[in-house]
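Undergrad: If you want the building blocks of each chain, they are given just below.
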Amino acid sequence: MKMKIKNGKLSPYTKNSIISYGIVIIAFVVVTVLNSMGAVSSSLQGQLVPICAYIIMAVSLNLVVGISGELSLGHAGFMSAGAFMGIVVSGMLESSGLPDGVRLAAAVICGAILAGILGFLIGIPVLRLRGDYLAIVTLAFGEIIKNIMNIVYAGVDSNGFHLRTNPDLGLEESGRMLLNGPMGATAVQRISTFTAGFILVLITLFIVQNIMNSRQGRAIMACRDNRIAAESIGLNVMRYKLMAFTVSAALAGMGGALFGLNYSTLLPIKFNFNTSVLILVFVVLGGLGNIWGSIIAATVLTILPEALRQFADYRMLAYAIVLILVMIFTYSPKIKMFTQGLREKVFKGKNKTPEPETEGGV
Amino acid sequence: MSIKMKNDEVIQNTVYDVYENYDESKSTVDEIILPERDKDKTPILEIKGLGIDFGGLTAVDEFTLSIGRTEIAGIIGPNGAGKTTIFNLLTKVYQPTRGTFLFDGVDTAGMTTTQISKMGIARTFQNIRLFDKLTVEENVKAAMHEEVNYGLFSGIFHGPKYRRQEKAAHEKALELLSIFDMQDMADYQASSLPYGAQRRLEIVRALATDPKVLLLDEPAAGMNPSETAELMNNIRKIRDTFGIAIILIEHDMSLVMNVCEGIAVLNFGRIIAKGNPEEIQNNPAVIEAYLGKKKEAK
Ligand SMILES: Nc1ncnc2c1ncn2[C@@H]1O[C@H](COP(=O)(O)OP(=O)(O)OP(=O)(O)O)[C@@H](O)[C@H]1O
Ligand SMILES: [Mg+2]
Numbered sequence: 001m002k003m004k005i006k007n008g009k010l011s012p013y014t015k016n017s018i019i020s021y022g023i024v025i026i027a028f029v030v031v032t033v034l035n036s037m038g039a040v041s042s043s044l045q046g047q048l049v050p051i052c053a054y055i056i057m058a059v060s061l062n063l064v065v066g067i068s069g070e071l072s073l074g075h076a077g078f079m080s081a082g083a084f085m086g087i088v089v090s091g092m093l094e095s096s097g098l099p100d101g102v103r104l105a106a107a108v109i110c111g112a113i114l115a116g117i118l119g120f121l122i123g124i125p126v127l128r129l130r131g132d133y134l135a136i137v138t139l140a141f142g143e144i145i146k147n148i149m150n151i152v153y154a155g156v157d158s159n160g161f162h163l164r165t166n167p168d169l170g171l172e173e174s175g176r177m178l179l180n181g182p183m184g185a186t187a188v189q190r191i192s193t194f195t196a197g198f199i200l201v202l203i204t205l206f207i208v209q210n211i212m213n214s215r216q217g218r219a220i221m222a223c224r225d226n227r228i229a230a231e232s233i234g235l236n237v238m239r240y241k242l243m244a245f246t247v248s249a250a251l252a253g254m255g256g257a258l259f260g261l262n263y264s265t266l267l268p269i270k271f272n273f274n275t276s277v278l279i280l281v282f283v284v285l286g287g288l289g290n291i292w293g294s295i296i297a298a299t300v301l302t303i304l305p306e307a308l309r310q311f312a313d314y315r316m317l318a319y320a321i322v323l324i325l326v327m328i329f330t331y332s333p334k335i336k337m338f339t340q341g342l343r344e345k346v347f348k349g350k351n352k353t354p355e356p357e358t359e360g361g362v
Numbered sequence: 001m002s003i004k005m006k007n008d009e010v011i012q013n014t015v016y017d018v019y020e021n022y023d024e025s026k027s028t029v030d031e032i033i034l035p036e037r038d039k040d041k042t043p044i045l046e047i048k049g050l051g052i053d054f055g056g057l058t059a060v061d062e063f064t065l066s067i068g069r070t071e072i073a074g075i076i077g078p079n080g081a082g083k084t085t086i087f088n089l090l091t092k093v094y095q096p097t098r099g100t101f102l103f104d105g106v107d108t109a110g111m112t113t114t115q116i117s118k119m120g121i122a123r124t125f126q127n128i129r130l131f132d133k134l135t136v137e138e139n140v141k142a143a144m145h146e147e148v149n150y151g152l153f154s155g156i157f158h159g160p161k162y163r164r165q166e167k168a169a170h171e172k173a174l175e176l177l178s179i180f181d182m183q184d185m186a187d188y189q190a191s192s193l194p195y196g197a198q199r200r201l202e203i204v205r206a207l208a209t210d211p212k213v214l215l216l217d218e219p220a221a222g223m224n225p226s227e228t229a230e231l232m233n234n235i236r237k238i239r240d241t242f243g244i245a246i247i248l249i250e251h252d253m254s255l256v257m258n259v260c261e262g263i264a265v266l267n268f269g270r271i272i273a274k275g276n277p278e279e280i281q282n283n284p285a286v287i288e289a290y291l292g293k294k295k296e297a298k
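Protein chains in written order, with the working numbering: chain F, 1 to 362; chain H, 1 to 298.
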């Protein structure tokens, strides 16, 4: 990471990047230390990898929803593609004797590539639409991916890899079923680790934050802020929207592979509309375009349901109430004004907005 | 600023009327009374019978005009005359119903807004369209395609090419901003700027695309007299330093009459007069168009 210091001040992107990396690195160190002291509960231990995966999902979705300004409701579809691709790749390499880390890396890369290709292909028609229409069509594509995974059967034996849309793969005795239609993947070797998740989160942050602070990021945000003006300065709006969508999908595939290889069984239905909405909630709650906000929201909201276990049957109700309260307290205009007033009192004269000029007109 | 009345002036057949009897085979350049320095060159813009209908409404019709390479031209007319629509046609925000225009001798029929920008037409907007959430400097840098053209790979890894080009872009952005003395605002969020500064930023952003023609849609709207006077000087300065053509839509008559070399007057989508500022001020049709309605010039 290179720091850019302008007039003795950090650029806002650099500042936000440092916060993001800082949060992730500190959290990793703290959890690792606590873990070595045996101070991390087993339920939290089990959530470490999913938290990393959801951070990747949230940050990557923020690239589309926050940075590129397009509401996407099908992000779980790309996660699914990445997860099952990762499981297949890892399963095929099981007998190769490669170390787990290498297999995980291969799985993650293949998951990202497949999801990236899907993102590109889906993006071409979808990004021609705008607003609500775009959102609905991404939802449809997310469901299509889920339904395709429901009918995919894959296995491997000494003859190689088999892929069908029916269970009759004709595997040899020694062969192994990798994907089993609606039953998903079973007997998956769990090779995802917290360290791997940590590294993948850093990679995601690196890619997304560096793009934001580049020519491409400027163009993507310009197309979001004003499409006509963006065209008028020669930006190809479709191209930059597609770029954001594809990169986001590829990162989601990466997160999916990490997620998938953390469980011994994984059903396609896991990646349904609810999951897409859950990821969207992380993004909205953390703040559109705010990367470290996504990190915190994904972490807290993944832990929360477990932490609310004491409420038993009312767990999801409590979850919803917490969500509503947080939204109100972060985004209500009145409370925003209040906190801004506080901030101005505290940092008097430090805000650099020039005096506003009242002037209407077209 | 009022328009002087001179009763028995004949509507003059002026400057731009060449294409009304356009003959492809014949070079018409000599006949155009372009500014002296542009005479021996082809016009940068040759607009031929441009027209557009919105449903039943003919917003612009038979718009024919030639613009010299370093000319400052003005388009004036009452509200709703179709001035902004002409800019939208020239930048292909709308495709024309009739007619076309040549840019640097190339027919632009069927081109997109993006292609037009790449060819060298840049514009500002009457209702300001900045990239609100970006900083002032980023607004300008977003428009640079010559200076910053590294690929996505460089964009992710921030290698030497990224650093070299970003540095060059940063310097050029500050240089362009300094035209309007705005280099100190480089780090402000665009939407936080005062109104006048936002208008100036739009001009800087347009210039960053390295245009050959700059279209300014009411750049002085909402500016106070001293800001307007400064803008006037800056428009000339921009033309002189960049050697480009500028078309100006403006209601502020003193600005138009002072800065423009040729003026076209539009009413109900049609050109009712063309000529130099003096001719326009003495043109009865123009006076009627302006006085027929309530007093228009502010
Ligand atoms: N997209 C559109 N759809 C329908 N009618 C339109 C559209 N754009 C412009 N018009 C109409 O075309 C006419 C010309 O509008 P235009 O904006 O070009 O006027 P103008 O000369 O720029 O006026 P002003 O001085 O108020 O800016 C108006 O009657 C307007 O209502
Ligand atoms: Mg207008």
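Be aware that one or more of the hints could be misleading.
Unchecked claim - Under the rule of at most 27 Å between Cα atoms (straight-line distance), these lysine-lysine pairs were calculated in the BS3-like manner:
| # | chain 1 | residue 1 | chain 2 | residue 2 |
| --- | --- | --- | --- | --- |
| 1 | H | K161 | H | K172 |
| 2 | F | K336 | H | K167 |
| 3 | F | K15 | H | K237 |
| 4 | H | K167 | H | K133 |
| 5 | F | K345 | F | K15 |
| 6 | H | K172 | H | K118 |
| 7 | H | K237 | H | K161 |
| 8 | H | K172 | F | K15 |
| 9 | H | K118 | H | K212 |
| 10 | H | K118 | H | K48 |
| 11 | H | K48 | F | K15 |
| 12 | F | K334 | H | K133 |
| 13 | H | K133 | H | K118 |
| 14 | H | K133 | H | K48 |
| 15 | H | K133 | F | K345 |
| 16 | F | K15 | H | K161 |
| 17 | F | K334 | F | K345 |
| 18 | H | K133 | H | K172 |
These are calculated hints, taken from the structure and not from any lab test.
Undergrad: If a hint holds in the structure, say so; if it doesn't, say that too.
TA: Against the structure, the hints come out as follows:
| no. | hint | result |
| --- | --- | --- |
| 1 | K161/H <-> K172/H | holds, 16 Å |
| 2 | K336/F <-> K167/H | violated, 36 Å |
| 3 | K15/F <-> K237/H | violated, 38 Å |
| 4 | K167/H <-> K133/H | holds, 22 Å |
| 5 | K345/F <-> K15/F | holds, 22 Å |
| 6 | K172/H <-> K118/H | holds, 18 Å |
| 7 | K237/H <-> K161/H | violated, 33 Å |
| 8 | K172/H <-> K15/F | holds, 24 Å |
| 9 | K118/H <-> K212/H | holds, 10 Å |
| 10 | K118/H <-> K48/H | holds, 21 Å |
| 11 | K48/H <-> K15/F | violated, 53 Å |
| 12 | K334/F <-> K133/H | holds, 21 Å |
| 13 | K133/H <-> K118/H | holds, 24 Å |
| 14 | K133/H <-> K48/H | violated, 39 Å |
| 15 | K133/H <-> K345/F | holds, 24 Å |
| 16 | K15/F <-> K161/H | holds, 23 Å |
| 17 | K334/F <-> K345/F | holds, 17 Å |
| 18 | K133/H <-> K172/H | holds, 21 Å |
Hint check: violations occur at hints 2, 3, 7, 11 and 14; the rest are consistent with the structure.
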